[in-house]
Amino acid sequence: MKDYLDAELRATLAATDGVPDDFEPMLEKPNDPSHGDLATNAALQLARHLRKAPRQIAEELVEALDLDPARIAEVSVAGPGFINFRFAEEFLADALAELLEASRSFGRTADAQGRALVEYVSANPTGPLTVGHGRNAVLGDTIANLLDWAGYDVTREYYFNDAGRQMRVLAESVKARCEALLNPDGPTKTLTVGEGETVEVPASFPEDGYQGQYIVDIARALVDEHGEAAAELSLDACQQAAQETIFAMIERTLERLDVEMDAFFNERSLYDEGKIEATLSKLRDEGTVYDADGATWFKTTAFGKEADTVLVKSTGEPTYRLPDIAYHVDKFERGFDVMIDVFGADHIATYPDILSALDVLGFEKDRVDVVIYQFVTLVRGGEPVKMSTRMANYVTLDELIDEVTADVARFFFLMRSANTHLEFDLDLAKEASDKNPVFYLQYAHARICSVLRKAEEVGFTADAAPDLGLLTHDAEVALIKTLRRFPAEIRKAAQARAPHYVPQYLREVAVAFTTFYDQCRIIGQDEALASARLALARATRIVLANGLTVLGISAPDRM
RNA sequence: GCCCACGUAGCUCAGUAGGAUAGAGCAGCCGCCUCCUAAGCGGCAGGUCGCAGGUUCGAUUCCUGCCGUGGGUACCA
Numbered sequence: 002m003k004d005y006l007d008a009e010l011r012a013t014l015a016a017t018d019g020v021p022d023d024f025e026p027m028l029e030k031p032n033d034p035s036h037g038d039l040a041t042n043a044a045l046q047l048a049r050h051l052r053k054a055p056r057q058i059a060e061e062l063v064e065a066l067d068l069d070p071a072r073i074a075e076v077s078v079a080g081p082g083f084i085n086f087r088f089a090e091e092f093l094a095d096a097l098a099e100l101l102e103a104s105r106s107f108g109r110t111a112d113a114q115g116r117a118l119v120e121y122v123s124a125n126p127t128g129p130l131t132v133g134h135g136r137n138a139v140l141g142d143t144i145a146n147l148l149d150w151a152g153y154d155v156t157r158e159y160y161f162n163d164a165g166r167q168m169r170v171l172a173e174s175v176k177a178r179c180e181a182l183l184n185p186d187g188p189t190k191t192l193t194v195g196e197g198e199t200v201e202v203p204a205s206f207p208e209d210g211y212q213g214q215y216i217v218d219i220a221r222a223l224v225d226e227h228g229e230a231a232a233e234l235s236l237d238a239c240q241q242a243a244q245e246t247i248f249a250m251i252e253r254t255l256e257r258l259d260v261e262m263d264a265f266f267n268e269r270s271l272y273d274e275g276k277i278e279a280t281l282s283k284l285r286d287e288g289t290v291y292d293a294d295g296a297t298w299f300k301t302t303a304f305g306k307e308a309d310t311v312l313v314k315s316t317g318e319p320t321y322r323l324p325d326i327a328y329h330v331d332k333f334e335r336g337f338d339v340m341i342d343v344f345g346a347d348h349i350a351t352y353p354d355i356l357s358a359l360d361v362l363g364f365e366k367d368r369v370d371v372v373i374y375q376f377v378t379l380v381r382g383g384e385p386v387k388m389s390t391r392m393a394n395y396v397t398l399d400e401l402i403d404e405v406t407a408d409v410a411r412f413f414f415l416m417r418s419a420n421t422h423l424e425f426d427l428d429l430a431k432e433a434s435d436k437n438p439v440f441y442l443q444y445a446h447a448r449i450c451s452v453l454r455k456a457e458e459v460g461f462t463a464d465a466a467p468d469l470g471l472l473t474h475d476a477e478v479a480l481i482k483t484l485r486r487f488p489a490e491i492r493k494a495a496q497a498r499a500p501h502y503v504p505q506y507l508r509e510v511a512v513a514f515t516t517f518y519d520q521c522r523i524i525g526q527d528e529a530l531a532s533a534r535l536a537l538a539r540a541t542r543i544v545l546a547n548g549l550t551v552l553g554i555s556a557p558d559r560m
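Note that the first sequence covers residues 2 to 560 in my numbering.
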């Protein structure tokens, strides 16, 4: 419908004297439903060019428009010069029929084409996933779902590095714990953790070691397996054991959130295949890399940064930035049309360098989109839950899921825009009541299922082809109008890489449905009307279920 | 210091390719279950859209400065 109006409007404008060729009319859904279903401010925008009063331009445009009355029932000029359009009821009945026909695929479009890569989670296997990783995982997974629904062929990828300093410290932490388990009376030392907190650790434990209980568990498994020999294990063996155990933990956690990756990309493969060197030498060829003080630098000052950035340390070891660049080059070489990175706010300074490098190397950096999300604060009893940067007193993602369920965790991570600091109210999240927004949506779905069951119980058989034109009650019309927007909402969320539009829209659907439910009885009406209303209820269930599917949240049949 | 976000109702947050009286949830107040799920519905109240300038017919939205919060400013990731 929007496309139809847009085309008609453009055609009329093109035939109007004085309208610039490149003029783009805007069509929007007005905030106030009494203003109609779609509106354009074209007359206001043209006022300056045409040197005429906006209202007069609007009147003339309306006069010139020749619209199909089966689709647009009413056109009016209002306010300072807005043109408002109202849909015809026949059109709405058709739209509803289409929705029912599309069913589980309603909302899927083929607007977008090509292959998309979404990179997310990307936590190194040094410990259990935290709440922050949870936000990352759920955002990435949902963006991937949205792109899938928008028509892309989507790959979900997890990038990790098992070679760097972090992993070395991990191995040392495990080894120290092995030694201590075999020799419980061995020497110890005291480490200061965070603000004044101290912890007693084995003397061989690294200063910045990982202190979680899971390290001790891994060590114990090694001791059980190797006995006394566990103390003599190489760091490589310790790392191997730790990495396997931790990756298994991570994958289990992701599975609980219904997050499934298509691929795990190991940074190491970039070294093995010579891609790090190749990328560096190409950058060097472009003259954006130089050597100084024994290190290799990237001229980020040429891209507006204050200082240049080290790519290879004087030790000969690259910083993480170089593999990051090489990784993105690899993504381009694999032929993705769209690449999305989901990063925490603490990475905000790194991606401009990656984009600059891609630009230098001749890649279209616009094909890369970086979604930055802000940190999560857990709130309990009105107070923020303290989380030290040390893993020792971090709330893990598993603990969060244990406490609030995966559905609720996903919804809370998705209901706010990524770019805002998320306050996660644990008390509200756990509450199984009307205060909890996720239950509101699920309840609406369960309620529809209940009505459909009830209809069956009382032996009501709906018409195979109900007369949808009977749905003329205000609540019915409003509901149909809300439902038919679903594909556009999905498209909007996919384009903006903004999952939070979806929960907001679904709430509108649930509100429109409960209003309808409240005002229009279904069972007990005459058969034709009951059939039509049952069809409308089924259509609502489809939209809620499809929307919740995109969000990765269950749609229960009963509650 | 510099860079990047953010600052909207008591609280948590939407909204802004500049547009018609700034929205929602929660909290507060008032109503509503002989009837398909009251985990619900209707209504009331609540705002100098951080502050000050600028651009514009029109600014919560764009620009500048200031204030506040968070993040980044390592040859750590």
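Worth flagging that the hints you see were computed from the coordinates, not collected in a lab. Keep in mind that this is a model prediction, so the values were computed, not measured. Ideal placement from N, C-alpha and C gives every residue a C-beta, glycine not left out. Any given hint could be a false lead.
As the list claims (entries may be wrong) - Straight-line alpha carbon distances no greater than 27 Å define the calculated BS3-like cross-link-like pairs of lysine-lysine that follow:
1. Lys431 to Lys3
2. Lys276 to Lys190
3. Lys53 to Lys30
4. Lys283 to Lys300
5. Lys283 to Lys366
6. Lys431 to Lys455
7. Lys387 to Lys366
8. Lys455 to Lys493
9. Lys306 to Lys387
10. Lys431 to Lys482
11. Lys482 to Lys30
12. Lys283 to Lys306
13. Lys314 to Lys300
14. Lys300 to Lys276
15. Lys387 to Lys300
16. Lys493 to Lys366
17. Lys30 to Lys3
18. Lys493 to Lys3
19. Lys493 to Lys30
20. Lys493 to Lys482
21. Lys190 to Lys387
22. Lys455 to Lys387
23. Lys431 to Lys493
Unchecked claim - DEER-style ranges, computed between Cβ atoms:
24. Ala264 to Lys190: 24 to 34 Å
25. Asp4 to Glu64: 16 to 26 Å
26. Ser270 to Asp292: 20 to 30 Å
27. Thr550 to Thr516: 46 to 56 Å
28. Leu101 to Asp33: 46 to 56 Å
29. Asp33 to Ser418: 46 to 56 Å
30. Glu226 to Ala497: 44 to 54 Å
31. Phe376 to Lys190: 46 to 56 Å
32. Glu404 to Arg221: 22 to 32 Å
33. Phe304 to Glu75: 29 to 39 Å
34. Phe376 to Ala264: 25 to 35 Å
35. Tyr5 to Gln46: 27 to 37 Å
Original post:
Between lysine 431 and lysine 482, does the CA-CA distance stay at or below 27 Å?
Top reply: 33 Å, violated
Original post:
Is the Cα-Cα distance between lysine 431 and lysine 455 27 Å or less?
Top reply: Violated: lysine 431 and lysine 455 sit about 30 Å apart, past 27 Å.
Original post:
If you draw a straight line from the CA of lysine 431 to the CA of lysine 3, is it 27 Å or shorter?
Top reply: 41 Å, violated
Original post:
For the pair supplied as a hint, lysine 283 and lysine 300, is the alpha-carbon distance within the 27 Å limit?
Top reply: 14 Å, holds
**OP:** Confirm or reject the claim that threonine 550 and threonine 516 have a C-beta distance inside 46 to 56 Å.
**Re:** Distance hint for threonine 550, threonine 516 is violated at roughly 24 Å.
**OP:** Measure nothing beyond the straight line between the CA atoms of lysine 493 and lysine 482; if it is 27 Å or shorter, mark the hint as holding.
**Re:** Within the cut-off at roughly 17 Å; holds.
Original post:
Cβ-Cβ distance between alanine 264 and lysine 190: within 24 to 34 Å?
Top reply: 42 Å, violated
Original post:
At the C-beta level, are leucine 101 and aspartate 33 separated by a distance inside 46 to 56 Å?
Top reply: At roughly 29 Å between Cβ atoms, aspartate 33 and leucine 101 fall outside 46 to 56 Å, so the hint is violated.
**OP:** Assess, step by step, whether the Cα of lysine 387 is no farther than 27 Å from the Cα of lysine 366, and give holds or violated.
**Re:** 39 Å, violated
Original post:
CA of lysine 300 to CA of lysine 276, is that 27 Å or under?
Top reply: Cα-Cα ~20 Å, so holds.
Original post:
Do aspartate 4 and glutamate 64 keep their Cβ atoms within the hinted range of 16 to 26 Å?
Top reply: Check passed, 23 Å falls within 16 to 26 Å.
Original post:
Is the Cα-Cα distance between lysine 387 and lysine 300 27 Å or less?
Top reply: Cα-Cα ~40 Å, so violated.
The structure does not agree with the numbered hints 1, 2, 6, 7, 8, 9, 10, 15, 22, 23, 24, 27, 28, 29, 31, 33 and 35 stated previously, though it agrees with the rest.
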